[in-house]
Amino acid sequence: MKAKIFVTLKPSVLDPQGKAIHHAVETIGFQGIQDVRQGKYFEVSINGSLSPEQARAEIERMARDVLSNPVIEDYRVELDPDS
Amino acid sequence: MKFGVVMFPGSNCDHDTYHVISKVIGQPVDFIWHRDNSLGDCDAVILPGGFSYGDYLRTGAIARFSPVMGAVKEFAARGGLVVGICNGFQILCEAGLLPGALMRNKNLKFICEHINIRVEAIDSPFTNRCQRGQVLSVPIAHGDGNYFCDAETLAGLQRENRIIFRYSDAAGNLTPESNPNGSLDNIAGICNRERNVLGMMPHPERASEQVLGSSDGRIIFYSLADTLAELAKAS
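Line order of the protein sequences matches chains A and B.
Using the working numbering, the first residue of the first sequence is number 2, and each one after it goes up by one.
Using the working numbering, the first residue of the second sequence is number 8, and each one after it goes up by one.
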């Protein structure tokens, strides 16, 4: 079973890295780019000892307590029980 | 009185801090290993600068789970004096001992240079030897020193006089140009509500001897030593 965790900066938090990337892609000539926000992506493999419900609870807790910083970041968890 | 300096894997200002306390301030000091569950008989503990755990995930994010941080939290809750310098400040924020977070510098560069900070509050164990408004020349050396918190937290810091240092020019003026990293409200250092935990991005231990270009930073260590001496006298 695999989980995907996306950690993104809260909308209210400035993202200088995203801004630098935005500026760079515009300079290179990419069209129509309105905004770029940089985030983090984690892939976590889970062994067979947990049910999908247990796995979701465990991954949610990990995303909240370790992988993201609630002061500046939000997170989203996707769980694929078939992977 | 005894100081403790925590060593995390990747700390690199631990020996500088130890040197200043033992040789410049002339006080007893021990290293504390990150795996220790106890701070021993230390009366003040310093989390030094560096790149604990390679700054992986986020600065300070992994160090906060070190066994020693459990002891630091208990120590702080009992009123023990805790100072986080640079990476130490980042760890204290991640651990929830101080509010807010330290984000990537606004200009995306690692900045290593002497800057000026203005002492904003002298009613703390870390600045009681300073004058209010005194300007200290100390270096910064960080890529993630851009202090951020929500508006409510910032208002609380201001109202409770918990902003201990702000980035300023040499004359003590708070200007956008003197803010090196984009920190909210020019914040360079804050304390907790109980005023026994300080976090600061600048490095006072790198400015405690004139041979290094400035000895302004040692007033913070002297203030700490004065506080500990008074506490010892009172007990």
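Read the hints as simulated data drawn from the structure, not as lab findings.
Beta carbons are placed, not taken as given, at the ideal position from N, Cα and C, and that holds for glycine.
Mixed in with the good hints there might be a few duds.
Computed cross-link-like contacts, SDA-like style, restricted to lysine to any residue with a CA-CA straight-line distance of at most 20 Å [what the hints assert, rightly or not]:
1. Lys113(B) to Val37(A)
2. Lys113(B) to Gln18(A)
3. Lys116(B) to Ile34(A)
4. Lys5(A) to Arg77(A)
5. Lys41(A) to Pro146(B)
6. Lys116(B) to Arg77(A)
7. Lys113(B) to Pro146(B)
8. Lys116(B) to Val78(A)
9. Lys116(B) to Asp66(A)
10. Lys113(B) to His23(A)
11. Lys116(B) to Glu159(B)
12. Lys11(A) to Lys80(B)
13. Lys11(A) to Leu191(B)
14. Lys11(A) to Pro146(B)
15. Lys113(B) to Gly40(A)
16. Lys113(B) to Glu74(A)
17. Lys11(A) to Lys113(B)
18. Lys116(B) to Lys5(A)
19. Lys41(A) to Ala236(B)
20. Lys30(B) to Ala236(B)
21. Lys116(B) to Asp75(A)
22. Lys41(A) to Lys30(B)
23. Lys116(B) to Val14(A)
24. Lys41(A) to Ala158(B)
25. Lys80(B) to Arg77(A)
26. Lys113(B) to Pro12(A)
27. Lys41(A) to Leu64(B)
28. Lys41(A) to Asp75(A)
29. Lys11(A) to Gly86(B)
30. Lys113(B) to Gly189(B)
31. Lys20(A) to Glu159(B)
32. Lys41(A) to Lys113(B)
Chain B stretches covered by chain A per the calculated footprint, using a threshold of three residues with CB under 8 Å from any CB of chain A [stated by the list, open to error]:
33. 60-71
34. 97-108
35. 134-142
Computed spacing ranges between beta-carbons, pair by pair [claimed, not checked]:
36. Thr28(A) to Leu238(B): 57 to 63 Å
37. Glu159(B) to Arg62(A): 22 to 28 Å
38. Ile22(A) to Gly163(B): 29 to 35 Å
39. Asp130(B) to Asp36(A): 40 to 46 Å
40. Glu79(A) to Ile118(B): 47 to 53 Å
Each hint tested on the structure:
no. : hint                              : verdict
1   : Lys113(B) to Val37(A)             : holds, 16 Å
2   : Lys113(B) to Gln18(A)             : holds, 9 Å
3   : Lys116(B) to Ile34(A)             : violated, 25 Å
4   : Lys5(A) to Arg77(A)               : holds, 8 Å
5   : Lys41(A) to Pro146(B)             : violated, 31 Å
6   : Lys116(B) to Arg77(A)             : violated, 29 Å
7   : Lys113(B) to Pro146(B)            : holds, 18 Å
8   : Lys116(B) to Val78(A)             : violated, 31 Å
9   : Lys116(B) to Asp66(A)             : violated, 28 Å
10  : Lys113(B) to His23(A)             : holds, 15 Å
11  : Lys116(B) to Glu159(B)            : violated, 29 Å
12  : Lys11(A) to Lys80(B)              : violated, 28 Å
13  : Lys11(A) to Leu191(B)             : holds, 16 Å
14  : Lys11(A) to Pro146(B)             : violated, 31 Å
15  : Lys113(B) to Gly40(A)             : holds, 16 Å
16  : Lys113(B) to Glu74(A)             : holds, 17 Å
17  : Lys11(A) to Lys113(B)             : holds, 16 Å
18  : Lys116(B) to Lys5(A)              : violated, 30 Å
19  : Lys41(A) to Ala236(B)             : violated, 47 Å
20  : Lys30(B) to Ala236(B)             : holds, 18 Å
21  : Lys116(B) to Asp75(A)             : violated, 25 Å
22  : Lys41(A) to Lys30(B)              : violated, 44 Å
23  : Lys116(B) to Val14(A)             : holds, 18 Å
24  : Lys41(A) to Ala158(B)             : violated, 25 Å
25  : Lys80(B) to Arg77(A)              : violated, 29 Å
26  : Lys113(B) to Pro12(A)             : holds, 16 Å
27  : Lys41(A) to Leu64(B)              : holds, 9 Å
28  : Lys41(A) to Asp75(A)              : holds, 11 Å
29  : Lys11(A) to Gly86(B)              : violated, 33 Å
30  : Lys113(B) to Gly189(B)            : holds, 5 Å
31  : Lys20(A) to Glu159(B)             : violated, 26 Å
32  : Lys41(A) to Lys113(B)             : holds, 19 Å
33  : 60-71                             : holds (count 3)
34  : 97-108                            : holds (count 5)
35  : 134-142                           : violated (count 0)
36  : Thr28(A) to Leu238(B): 57 to 63 Å : holds, 58 Å
37  : Glu159(B) to Arg62(A): 22 to 28 Å : holds, 26 Å
38  : Ile22(A) to Gly163(B): 29 to 35 Å : holds, 34 Å
39  : Asp130(B) to Asp36(A): 40 to 46 Å : holds, 44 Å
40  : Glu79(A) to Ile118(B): 47 to 53 Å : violated, 37 Å
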